[in-house]
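J.: Given only the sequences and the hints, what does the whole structure look like? Please build it.
One line per chain: the protein sequences are A and B, in this order. Residue numbers are given in my numbering: position 256 of the first sequence equals residue 256, and the series is strictly consecutive. Residue numbers are given in my numbering: position 431 of the second sequence equals residue 431, and the series is strictly consecutive.
Rather than coming from a laboratory, the hints here were simulated on the basis of the structure. Some clues are possibly wrong.
Copies of one chain are not kept apart here, so a pair can be met inside one copy or by any two copies together.
Computed cross-link-like contacts, SDA-like style, restricted to lysine to any residue with a CA-CA straight-line distance of at most 25 Å [said to hold, decoys possible]:
| # | residue 1 | residue 2 |
| --- | --- | --- |
| 1 | K247 | W52 |
| 2 | K108 | H215 |
| 3 | K247 | V350 |
| 4 | K416 | V9 |
| 5 | K113 | R219 |
| 6 | K51 | Y257 |
| 7 | K247 | L358 |
| 8 | K353 | E289 |
| 9 | K105 | R43 |
| 10 | K105 | G321 |
| 11 | K174 | L402 |
| 12 | K283 | C359 |
All values reported here derive from a predicted model rather than from experimental measurement.
Number of protein chains: 2
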Amino acid sequence: MNINNHDFVQPVLDYLEQNKSRFIDDLCQYLRYPSVSAQAGHRADMAACAKWLVTHCRQIGLEARVCSTGGHPIVVARTPRGRSPKKPSYLIYGHYDVQPAEPFKLWKSDPFKPRIEGRSLFARGASDNKGQNLAHLNAVEAYLKTNTELHCDLTFVIEGEEEVGSTSLGSFLKSNRKELACRAVVISDTGMPSLKLPALTYALRGVVAFEVTVHGPSRDLHSGIYGGTVDNPAMALCQILAQLRDKQGRVNIPGFYDGVAELSAHERKEAARLPLSAADYRKFLGVPELFGERGYTFAEQRAARPTIEINGLTSGYQGEGSKTIVPAHASAKLTFRLVPNQDPAHVRKVILKRLRDLCPPTVRLEIKAGHGGEPYLVSPRSPLARAGLHALKEAFGHEPILMREGGSIPIVTEFKKILHADSLLLGLALPDDNAHSPNEKFSLDCYEKGMQMGALLWPELARIG
Amino acid sequence: MNINNHDFVQPVLDYLEQNKSRFIDDLCQYLRYPSVSAQAGHRADMAACAKWLVTHCRQIGLEARVCSTGGHPIVVARTPRGRSPKKPSYLIYGHYDVQPAEPFKLWKSDPFKPRIEGRSLFARGASDNKGQNLAHLNAVEAYLKTNTELHCDLTFVIEGEEEVGSTSLGSFLKSNRKELACRAVVISDTGMPSLKLPALTYALRGVVAFEVTVHGPSRDLHSGIYGGTVDNPAMALCQILAQLRDKQGRVNIPGFYDGVAELSAHERKEAARLPLSAADYRKFLGVPELFGERGYTFAEQRAARPTIEINGLTSGYQGEGSKTIVPAHASAKLTFRLVPNQDPAHVRKVILKRLRDLCPPTVRLEIKAGHGGEPYLVSPRSPLARAGLHALKEAFGHEPILMREGGSIPIVTEFKKILHADSLLLGLALPDDNAHSPNEKFSLDCYEKGMQMGALLWPELARIG
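T.: Right, dumping it as structure tokens:
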């Protein structure tokens, strides 16, 4: 068999076509597990979801096991290793945990009861990441069930803590460094601009997270009786946070921009290929006006520039009507997106210093460090990238584009550090998938093309060794 | 009978002494109703509480009825009018509604299961206002049950919307102007510095309330994918609010201080009589440092200076762990305390203008006006005030002091406007009663002395006509 001639893949593609309706059923089963890693109440659901995944992997012919960690379990599934000479090894990474679905009332249907409308499948985790990851499992199933030779040894590593910082994955990779040794890691957990523009993502933003609490009086106080004599923790918090960003979106923290790699002319040209006008983008987001750092297009701002975001605010009375109090404390959840080549440890340090400098003596500041991940950049001209671009083009029937992505996949840097493996980011999410938002969905077209792309990828990667 | 000789009151005082244990039971019954006016879920509890009150008033010999309003009902209870010549009429005002008890987890015992520890009775509403108001009912009960002549015609007006701005009371007073015509209104809903310093309150702060919401994208957005291209509504809210107050506690809104009456030398001297050091006050509140407008003592700041307070903040994800979103919106509950002679309508106008001026074009601002009340000032040298001071001194056995109070009783100005009646504010709350806070309590000593003060008050007021 000549792996440069891809005719032998046809039975695999036929199998994918014949089973496409059942693949949707499989995905719906997978999506029914409310595998929310951030919430302790879903611990049993996490375990049940991991168990379902292992059972599924075994049914399609993989050797699969659940690996316990200090947090949520990791599922590992391998293609059976034959007696033939060693083939090139690749990892396929995915995650079975999902973002919290709150606020539930904004969902048109139950986030954990998958609903199909047209060519969209609505459910929490449909796009991020269950649907994208299952596409790869389906492609491998097609190889195994049609007895078509896979010219690569494949190992799926599917974790349950991606949405909470992949706490356990690093030590798991270290402990299983030998078994998991690979040429590269294939990950579909990013986006593509449209079905006509499949994308290879060559850079990612990093992230550092904090939870900041301002403590004032030892209890909520009557604002009439005591107001005017104690600092209001909610106001103190607002006054601290307000100083962290200027009105053009630039982060106002000394040292924060240290190391930021400015965009090259070539990169700015690639970014400009995105087929989305600022007017359409504004409309899609539903904002009165776009906003962002001066001197950059929105495509550059969201992928190649660092940011500060307040993810949540909590203080005092939030119920119906009013409650005339000075609240005892006020909290904010903060994340900062980082770009190549910011150093997360340095960024954390300058943020902590700035927060402490801004805190007045009338309140007490408590800062909890949350998850973090380094920014990532890989050469789009490498053989690895070229193999991915080829599979994308064949499956989607359109010339793929090179993209920077604004999101963070902290584990990409872990793979680099621990396994010395680059990552191939072949994202299948469309811009309107509502990842992390109510009414998350996954395109059934992306699901099908994604499986084909997965099937076409392995001969390409086998070729480069 | 000579009403200048108070010996005839002795049977009334004896009755109060003999029944003091049963009066505690009555108060506990009253406190078991979770009469939270702000929360729609407690509507039935509100009605049940009003019903209990009417039944109780009838049992002690009053003519009582529940009056429906557009909101929560008002209980009216009158002493039986005899055939003797008309006596001077007085109103006694109180409220049976209470503040929300949230956050429940900070209560040492169920807020609606009264608990006695030493000389304190713990329950939501114990001090504000069920205990204080029931003391007056008990005093009148003692007159009626001992057949001691009351030289005044008394009408209790006990409403259910004080904690949500007394929305219905104004129109109720207007509709019943004739029946409710009175010389003055007696109200125990304020505070006293200690059992050795009973107090007459001669001034109150007013209040205006707002709920401010900043709307950004039409849904929560993934902060990695979109962060940097849209304004963050939580940050926009913080930046707006941060500009409303300077770091010394002065409200930063043009026109806000228009009309503020500066304190006279005499008033500052009275304020200085408060037997509380700044160090003890700071310790009592549990703050790292006191805070407030420069040039005023804490006693002046909390009673005679206007303020801004953030009562609550809400935005985005507030659960466990993190959720990497740009939230769709962010809200704040705000109250401003006003002092004589600020005009609430003018203050509302300048606040609205300031909020709109501060809002950037990248988000949409929604402002809901909440409840409001005018500040109040009455002469402490009037015969009315002197009668109150006399009753306080006799009941508590100590020289009372004259106070300004930081809280708001908006209806005091309603009584003035609609019934042309001054209010006599004879507060029975101690500084550590935790009104509006978890673990609210009422001192059983204040309860007993309060009943005696109530009993001694009517001959005094009858005397001045």
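J.: Taking the earlier hints as the rules, which of them does this structure contradict?
T.: 1, 4, 6 and 11
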